[in-house]
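Chemist: Sequence:
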Amino acid sequence: METIKILLVDDHDIVMDGIESILNEATHLQVIGKATSAAIAKAFIQKHQPDLVLTDISMGTVSGLELTRLIVQQFPLTKVIVLTMHDGVQHISSLLDAGATGYLLKNVKQEELFTAIEQVMAGRQYIQQSIAAHYARTIRKQGDAARKSGLSPREVEIIRLIAQEMTTAEISRQLFLSEHTIETHRKNIIRKTGVKSIIGLMNYAREQGLL
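At position 49 of the sequence shown (counting the first as 1) the number is 643 in this note's numbering, and the numbers step up by one without a gap.
These are computed hints drawn from the structure, not numbers from a lab.
We treat Cβ as the ideally placed atom computed from N, Cα and C, and that holds for glycine.
Possibly wrong hints are sitting among the right ones.
What the hints assert, rightly or not - Below are the PhoX-like pairs computed for lysine-lysine, each with C-alpha atoms no more than 20 angstroms apart in a straight line:
(1) Lys-700 - Lys-742
(2) Lys-735 - Lys-790
(3) Lys-703 - Lys-742
(4) Lys-735 - Lys-628
Stated by the list, open to error - Okay, the calculated beta carbon distance ranges per label pair:
(5) Ser-631 - Lys-599: 35 to 41 angstroms
(6) Glu-764 - Ala-637: 21 to 27 angstroms
(7) Arg-731 - Asn-701: 17 to 23 angstroms
(8) Ile-634 - Gln-667: 33 to 39 angstroms
(9) Ser-615 - Met-796: 41 to 47 angstroms
(10) Val-609 - Thr-775: 34 to 40 angstroms
(11) Arg-731 - Thr-709: 19 to 25 angstroms
(12) Arg-748 - Ala-633: 26 to 32 angstroms
(13) Ala-633 - Gly-693: 16 to 22 angstroms
(14) Ser-772 - His-622: 19 to 25 angstroms
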């Protein structure tokens with residue numbers, strides 16, 4: 595079996611050390627580097643071209659979401675699996691939309707971690723089994739709610755980011771859209787939903803099953 599070269603990205607060295615020790619038990623998996631920030635990760639990928647990146651979401655100034663988008667756009671041959679403590683549907687949707695093909699929690703068992711890597715490297719998407727069914731049900735519910743409300747998928751995505759208390763500038767960076775475009779989407783969302791404030795929008799989104 596061909597060796598899979600892996601880069602670990604997490605802002606806690608002890609976490610990466612633990613993951614590395616698990617991965618080293620498989621002879622076909624090789625951790626070729628560890629990075630504590632997105633900037634270090636980008637430089638490493640440019641130089642060493644790993645087959646797979648295992649990354650957390652929360653990493654300081656540049657998130658795992660932004661790193662995932664960067665990898666997908668600039669290094670399309672490198673697969674991304676998110677390994678995090680966040681099990682919210684919004685987090686999962688955002689990372690999968692950004693191009694990650696695997697989503698795991700840090701409580702994942704060794705056997706399932708190996709299965710996820712195998713599936714992702716074979717070109718398939720993998721979500722940890724303990725959260726996959728709930729995620730699928732919620733996405734179907736949200737899709738039905740979005741269609742009834744007349745909101746576009748992009749508008750629903752922006753509502754979810756607003757629910758995470760992100761500013762227009764932060765949403766702009768996350769989605770690689772101009773701030774003007776985000777503001778236009780905000781205005782369209784307000785018009786379509788008929789709300790008068792962000793609090794009203796959040797209440798509407800929860801009532802309609804968008805969050």
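Chemist: Each of the hints needs a verdict: does it hold here or not?
Modeler: To see whether the hints hold, each was checked on the structure:
no.	hint	verdict
1	Lys-700 - Lys-742	violated, 36 angstroms
2	Lys-735 - Lys-790	violated, 25 angstroms
3	Lys-703 - Lys-742	violated, 39 angstroms
4	Lys-735 - Lys-628	violated, 38 angstroms
5	Ser-631 - Lys-599: 35 to 41 angstroms	violated, 20 angstroms
6	Glu-764 - Ala-637: 21 to 27 angstroms	holds, 24 angstroms
7	Arg-731 - Asn-701: 17 to 23 angstroms	holds, 21 angstroms
8	Ile-634 - Gln-667: 33 to 39 angstroms	violated, 18 angstroms
9	Ser-615 - Met-796: 41 to 47 angstroms	holds, 42 angstroms
10	Val-609 - Thr-775: 34 to 40 angstroms	holds, 36 angstroms
11	Arg-731 - Thr-709: 19 to 25 angstroms	holds, 22 angstroms
12	Arg-748 - Ala-633: 26 to 32 angstroms	holds, 28 angstroms
13	Ala-633 - Gly-693: 16 to 22 angstroms	holds, 19 angstroms
14	Ser-772 - His-622: 19 to 25 angstroms	violated, 44 angstroms
Taken one by one, the earlier hints fail for this structure at numbers 1, 2, 3, 4, 5, 8, 14, listed in ascending order.
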